[in-house]
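J.: The lines below spell out each chain.
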Amino acid sequence: MIGGLFIYNHKGEVLISRVYRDDIGNRRNAVDAFRVNVIHARQQVRSPVTNIARTSFFHVKRSNIWLAAVTKQNVNAAMVFEFLYKMCDVMTAYFGKISEENIKNNFVLIYELLDEILDFGYPQNSETGALKTFITQQGIKSQHQTKEEQSQITSQVTGQIGWRREGIKYRRNELFLDVLESVNLLMSPQGQVLSAHVSGRVVMKSYLSGMPECKFGMNDKIVIEKQGKGTADETGKSELGSGKQSIAIDDCTFHQCVRLSKFDSERSISFIPPDGEFELMRYRTTKDIILPFRVIPLVREVGRTKLEVKVVIKSNFKPSLLAQKIEVRIPTPLNTSGVQVICMKGKAKYKASENAIVWKIKRMAGMKESQISAEIELLPTNDKKKWARPPISMNFEVPFAPSGLKVRYLKVFEPKLNYSDHDVIKWVRYIGRSGIYETRC
Amino acid sequence: MTDSKYFTTTKKGEIFELKAELNSDKKEKKKEAVKKVIASMTVGKDVSALFPDVVNCMQTDNLELKKLVYLYLMNYAKSQPDMAIMAVNTFVKDCEDPNPLIRALAVRTMGCIRVDKITEYLCEPLRKCLKDEDPYVRKTAAVCVAKLHDINAQLVEDQGFLDTLKDLISDSNPMVVANAVAALSEIAESHPSSNLLDLNPQSINKLLTALNECTEWGQIFILDCLANYMPKDDREAQSICERVTPRLSHANSAVVLSAVKVLMKFMEMLSKDLDYYGTLLKKLAPPLVTLLSAEPELQYVALRNINLIVQKRPEILKHEMKVFFVKYNDPIYVKLEKLDIMIRLASQANIAQVLAELKEYATEVDVDFVRKAVRAIGRCAIKVEQSAERCVSTLLDLIQTKVNYVVQEAIVVIKDIFRKYPNKYESVIATLCENLDSLDEPEARAAMIWIVGEYAERIDNADELLESFLEGFHDESTQVQLQLLTAIVKLFLKKPTETQELVQQVLSLATQDSDNPDLRDRGYIYWRLLSTDPVAAKEVVLAEKPLISEETDLIEPTLLDELICHIGTLASVYHKPPGAFVEGGRGVVHKSLPPRTGSSESAESPDTAPAGVPAADQPSVIPTQGDLLGDLLNLDLGPPVSGPPVATSSVQMGAVDLLGGGLDSLMGGGSGGFAPAPGTAVPSNTGAPLGSGLGDLFDLTGGVGTLSGSYVAPKTVWLPAMKAKGLEISGTFSRQVGSISMDLVLTNKALQVMSDFAIQFNRNSFGLAPAAPLQVHAPLAPNQSVEISLPLNTVGSVMKMDPLNNLQVAVKNNIDVFYFSTLYPLHILFVEDGKMERQMFLATWKDIPNENETQFQIKDCSLNADSVSSKLQGSNIFTIAKRNVEGQDMLYQSLKLTNGIWVLAELRIQPSNPSFTLSLKCRAPEVSQYVYQAYETILKN
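Residue numbers (full-length UniProt numbering), protein chains in the order written: chain X, 1 to 441; chain R, 1 to 941.
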């Protein structure tokens with residue numbers, strides 16, 4: 001298990017050090033070994049797990065802060081990284097951005113958290129919802145708790161529903177569902193799709209009283225087909241199945257509140273949600289993706305000192321919808337001396353520090369196209385190696401789900417309190433963003 | 001208020017000041033002071049001098065202050081054990097506190113104070129806390145038992161905490177169960193023999209129930225524990241798998257990987273014919289792909305594991321090539337791992353896409369990555385024959401870029417392509433030669449020199465090219481020197497007239513001016529070979545080369561199986577067994593996959609052909625098996641046994657020197673009494689034609705050749721006199737230097753003279769037949785016996801017998817015809833060239849389906865690994881590699897039967913245990929049992 005946990009600033013100075021096991025030996029040695037071998041190493045990180053003198057260091061970096069978990073045993077490596085990410089989440093939930101200043105300002109809190117969420121190197125309950133009920137940094141509070149309050153805390157921390165406390169009350173029961181998708185594309189210069197997938201997340205913000213039982217439904221092909229068979233006799237009512245398109249989901253993962261065995265057997269998604277915001281599910285689709293934009297590049301080398309670049313982008317969705325925050329990034333060679341750009345729409349600029357022409361368009365409706373052309377002057381070089389031509393990348397935001405996912409329902413049942421599914425106000429929103437959206441040129 | 005100010009106090013006399021503050025009456029000031037102390041501790045200052053003052057602050061009702069003091073205690077208690085006792089009272093008191101959070105805090109902290117004196121006081125509070133009414137306290141106490149066990153294992157056992165801990169597995173609270181499982185698993189690791197985690201179907205059921213309810217971390221503990229369980233049959237395995245599969249949809253990647261581990265392990269037990277097996281395989285792919293959208297560090301862990309899974313069960317991800325395409329912004333460690341998996345998944349179906357990608361990668365920035373991409377293109381050419389041409393042209397394009405490391409890498413792989421497809425792509429040699437000057441890495445130089453030497457007859461200025469390398473001979477690395485030596489000798493043999501001077505030059509450089517023994521000895525061999533018999537030299541040096549294998553970097557099968565049991569852990573990231581990086585005995589228990597149940601299926605498995613179909617046109621080979629083994633036979637190093645012995649040895653010599661370091665093994669083998677490489681013992685009569693110059697070297701091997709015959713069993717009575725009208729026949733089988741014989745003693749126990757002996761064999765499994773008539777020169781008088789050695793060959797008719805090694809014999813004399821049957825030991829059929837190349841062995845082992853593996857125990861054998869392998873080698877069972885895994889020796893061996901069937905073996909020898917474990921893999925699994933018998937006979941005699 002995890003033998004110790006250290007947090008460093010970018011200089012390699014230790015901000016937090018917590019040792020859980022003696023086997024990692026002299027703490028100073030471990031601390032120094034990591035500083036010398038990883039933080040001060042000239043090379044970029046070649047592996048997120050570094051073994052120094054039979055001691056393994058798992059490290060992640062957040063802005064310029066390093067988190068390192070140290071062990072001498074054959075630990076579950078995936079668990080250690082998941083834990084480090086979780087640790088970052090928890091810290092962010094408590095004091096915002098992970099920065100040197102914030103860590104120094106909250107070091108007592110961090111030690112208290114580390115004591116709670118890692119015992120002898122074994123991760124314990126690390127749900128912020130539960131932690132915030134008893135790690136508050138107002139230590140005096142414990143004296144005023146009643147016995148019931150105390151046992152409520154402990155049963156939540158250890159209980160089956162560790163992510164939600166009892167007795168939550170809202171005057172207005174409300175929930176928000178965000179379907180957030182990032183569409184990834186790798187296209188060849190000839191316009192052939194080399195790989196494309198959507199990785200999506202369903203984020204829920206719930207403000208519901210009591211312990212509500214929720215059921216979430218979407219246009220999952222498997223469910224629709226199953227229902228289609230079941231209701232085939234009730235003719236006319238099958239518009240759900242055949243009328244609306246269903247999508248094939250390659251794989252999905254769920255927040256720990258979702259009953260996985262039920263999903264496995266019935267493919268229904270039922271859960272008692274945490275209070276506030278959480279990520280209900282993640283999914284991935286690869287079939288029938290709507291690619292919101294197409295990029296058509298044309299690069300011509302005119303002699304050794306000039307490049308001509310022309311890029312056309314075409315929007316490919318309903319004309320009534322508007323895409324936003326469109327940005328096309330056209331890489332330029334390192335020996336670029338000057339660039340002249342002409343674009344029909346938006347603004348384009350050559351950014352020497354980023355070795356790219358950045359073309360920004362605020363809004364663009366569907367089924368439109370726009371074009372940019374640029375002349376790039378090059379300095380003559382002796383460098384034998386040809387320019388690697390990195391791909392042209394694109395960023396955008398569209399108000400629909402490129403995977404085609406639709407939320408069909410989200411039902412809420414709370415048998416103990418007197419509100420019904422109809423009383424809950426529900427909001428659904430779809431946002432499609434570019435992930436890694438690249439076209440080679 | 002911010003806490004960062006505590007980090008900045010660096011005044012002199014600080015300790016003194018802190019002391020005063022700690023003893024202040026004001027609570028707020030005390031707390032501030034303790035915070036300063038902790039901050040100093042964090043940055044590495046020694047504040048142990050404040051111990052008594054800090055401990056004095058412990059008695060407080062301020063929880064925050066208490067936690068800080070505890071933190072301090074955990075750090076310094078060990079350095080001040082006597083003073084730490086001062087804290088005990090407070091701990092004991094806190095364990096009785098009405099607030100469960102405080103009770104838990106006390107027991108948690110107490111376990112972290114590793115002072116012997118304190119542990120004694122810990123027992124009572126811990127016992128209470130283990131039975132506390134509050135689950136939060138119980139789950140903390142469960143971990144505390146593991147802590148205590150780490151400090152004083154005996155104490156934990158004496159106090160009976162282990163039993164209490166076991167009871168907690170049935171606790172009503174899932175988190176208590178999870179922590180108890182974690183603690184027990186850890187304790188069990190340090191007592192591998194104890195049956196601490198007594199897992200049985202009932203307790204497994206409890207764990208599976210808790211799995212649905214506990215936190216993500218708890219699920220990991222439980223799954224990791226489940227993976228150590230051995231279901232009693234395939235039905236139980238299936239039912240566990242069914243309950244574990246839902247975990248594959250968990251958001252936490254570690255839960256997913258641990259579930260994959262359980263499934264991969266238990267899948268071993270399921271029959272492939274089950275529908276469920278197929279379903280399970282299908283279910284595994286999507287979650288593995290999903291892991292690749294996690295954060296990069298987790299992607300790396302996932303990819304390292306996928307690398308193992310792809311080797312173990314390629315079918316799971318064979319259609320998912322695209323997801324391993326490298327993204328421009330992937331961190332380098334992710335890129336390199338993806339590339340590795342791409343090569344493994346490359347096949348004819350996806351090769352076009354893969355190549356297009358690889359070409360793209362070869363223009364990237366990172367040098368390591370580009371090199372690996374270029375190398376990958378070469379691997380594709382070798383793996384998928386249809387793509388070879390495209391790969392070569394891609395490589396040529398890359399050479400045109402003139403980027404130094406790309407050119408060098410490309411030349412190294414082109415050499416391999418030449419090896420795989422001789423006489424096909426030589427047209428590119430000219431282009432390669434243009435880049436001669438830019439090569440500065442030994443591997444690339446050696447590759448280029450090899451190409452020049454190999455195709456010397458087609459390169460007009462080969463001599464000039466090689467001569468140019470020769471100028472700086474002594475500055476070259478050994479690799480290049482050896483290659484240069486061989487290349488020039490090849491050149492000389494191809495164009496003797498023009499290059500005599502050159503060859504003399506290189507030979508004298510290698511033999512007289514070099515300190516390197518390898519180089520010197522290789523030089524001498526060539527020299528003597530050339531001076532005594534140029535024809536033999538030609539046969540040796542220009543011999544046909546063995547083909548190179550398609551897969552590289554395969555993990556050894558046993559190691560792979562072990563790593564599969566460690567999916568998700570560090571071992572799977574490092575691709576090393578835990579023993580290689582974990583100190584001491586902890587966590588290094590050797591794990592292995594469960595054996596497949598229902599072993600009967602393996603014998604009848606459809607892909608193993610029946611061995612006994614007689615074939616009219618090719619009587620010597622069992623036809624169906626011959627087909628199966630076709631690819632293996634092609635790789636056979638030597639010509640058939642019947643070929644001239646000189647050729648046999650020389651071909652192998654040639655092969656060895658090309659592989660480099662051939663001399664080491666010859667020499668090393670000689671001093672050890674045997675010649676492990678190049679595969680066969682050379683018959684003694686080869687010494688003469690090879691010339692006296694080599695005599696000293698070859699005498700060694702030649703001597704071994706004659707001495708080493710297979711083990712010969714004592715003669716037994718095959719035909720008792722009573723059944724054969726007075727003729728008694730006893731006999732045995734032997735194998736000497738490649739020829740099999742049946743050694744018979746005929747005794748006349750009748751009253752009349754016997755004459756006109758003849759012998760005939762019925763058709764049998766391996767086509768054994770007398771190679772000469774039975775010759776008894778004089779009539780056999782009463783009470784007289786005669787010893788005869790009847791030579792046998794294996795070109796007779798084939799029919800599958802039961803048992804396989806049954807031989808039915810008819811003997812005739814002037815009185816009557818008598819029939820008897822006998823069982824021959826299988827090792828008389830083990831041929832001399834049964835040593836497989838190491839790479840080939842790995843690939844073949846992997847290639848043979850797992851159902852064909854059979855395991856045997858060889859009991860009561862007290863030999864050590866070295867004597868075992870030398871003993872077996874005497875009977876043509878060759879040790880290819882030896883590995884030591886946690887004190888046990890693993891021998892990897894191969895042998896070949898006269899009909900071309902290869903049998904691969906893994907022999908596990910534990911020094912303390914007289915029982916060896918023998919695993920045999922063969923495409924015709926029916927022979928395994930007889931091979932095992934042969935092993936047993938050889939080893940026990």
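Read the hints as simulated data drawn from the structure, not as lab findings. Keep in mind that the hints are not guaranteed to be accurate.
What the hints assert, rightly or not - List time: in silico DSS-like cross-link candidates among lysine-lysine, alpha-carbon distance up to 30 Å: (1) X/Lys349 - R/Lys327; (2) X/Lys226 - R/Lys283; (3) R/Lys322 - X/Lys314; (4) R/Lys282 - R/Lys420; (5) R/Lys545 - X/Lys360; (6) X/Lys147 - R/Lys283; (7) R/Lys93 - X/Lys226; (8) X/Lys132 - R/Lys715; (9) R/Lys359 - X/Lys310; (10) R/Lys283 - X/Lys411; (11) X/Lys215 - R/Lys35; (12) R/Lys322 - X/Lys11; (13) X/Lys347 - R/Lys283; (14) R/Lys846 - X/Lys86; (15) X/Lys221 - R/Lys282; (16) X/Lys221 - R/Lys318; (17) R/Lys591 - R/Lys545; (18) R/Lys749 - X/Lys310; (19) X/Lys310 - X/Lys349; (20) R/Lys327 - X/Lys97; (21) R/Lys846 - R/Lys871.
As the list claims (entries may be wrong) - Covered stretches of chain X (chain R as the covering partner; in silico rule of three or more C-beta atoms under 8 Å from a C-beta of chain R): (22) 4 to 18; (23) 50 to 58; (24) 157 to 170; (25) 184 to 196; (26) 215 to 222; (27) 427 to 434.
Each residue gets a CB set at the ideal place from its N, CA and C atoms; glycine is no exception.
J.: With a cut-off of 30 Å on the C-alpha distance, tell me whether lysine 147 of chain X and lysine 283 of chain R pass.
T.: 47 Å, violated
J.: Is the hinted pair lysine 322 of chain R and lysine 314 of chain X satisfied, with a Cα-Cα distance of at most 30 Å?
T.: 25 Å, holds
J.: The segment 427 to 434 of chain X covered by chain R? Criterion: 3 or more residues, Cβ-Cβ distance below 8 Å.
T.: Our answer is that it is violated, as 0 residues pass the Cβ test (under 8 Å) against chain R, missing three.
J.: Quickly compare the C-alpha distance for lysine 221 of chain X and lysine 282 of chain R to 30 Å and report which way the hint goes.
T.: 18 Å, holds
J.: Run the distance test for lysine 226 of chain X versus lysine 283 of chain R: straight-line Cα separation, threshold 30 Å.
T.: 19 Å, holds
J.: Would you check the hint for lysine 846 of chain R and lysine 86 of chain X, treating anything up to 30 Å between C-alpha atoms as holding?
T.: 39 Å, violated
J.: State whether the coverage of the segment 184 to 196 of chain X by chain R holds or is violated, taking the criterion as 3 or more residues with Cβ-Cβ distances under 8 Å.
T.: It holds: at least three residues are needed, and the segment 184 to 196 of chain X offers 4 whose Cβ sits within less than 8 Å of chain R.
J.: Is lysine 327 of chain R close enough to lysine 97 of chain X, meaning Cα to Cα at most 30 Å?
T.: At roughly 28 Å apart (the allowed maximum being 30 Å), lysine 97 of chain X and lysine 327 of chain R satisfy the hint.
J.: Does the alpha-carbon distance linking lysine 545 of chain R and lysine 360 of chain X stay inside the 30 Å limit?
T.: Since the Cα atoms of lysine 545 of chain R and lysine 360 of chain X sit roughly 61 Å apart, the hinted pair is violated (cutoff 30 Å).
J.: Run the distance test for lysine 282 of chain R versus lysine 420 of chain R: straight-line Cα separation, threshold 30 Å.
T.: 35 Å, violated
J.: Run the distance test for lysine 347 of chain X versus lysine 283 of chain R: straight-line Cα separation, threshold 30 Å.
T.: Outside the cut-off at roughly 48 Å; violated.
J.: Can the restraint linking lysine 349 of chain X and lysine 327 of chain R be considered satisfied, given a maximum Cα separation of 30 Å?
T.: 26 Å, holds
The structure does not agree with the numbered hints 4, 5, 6, 7, 8, 11, 12, 13, 14, 17, 18, 26, 27 stated previously, though it agrees with the rest.
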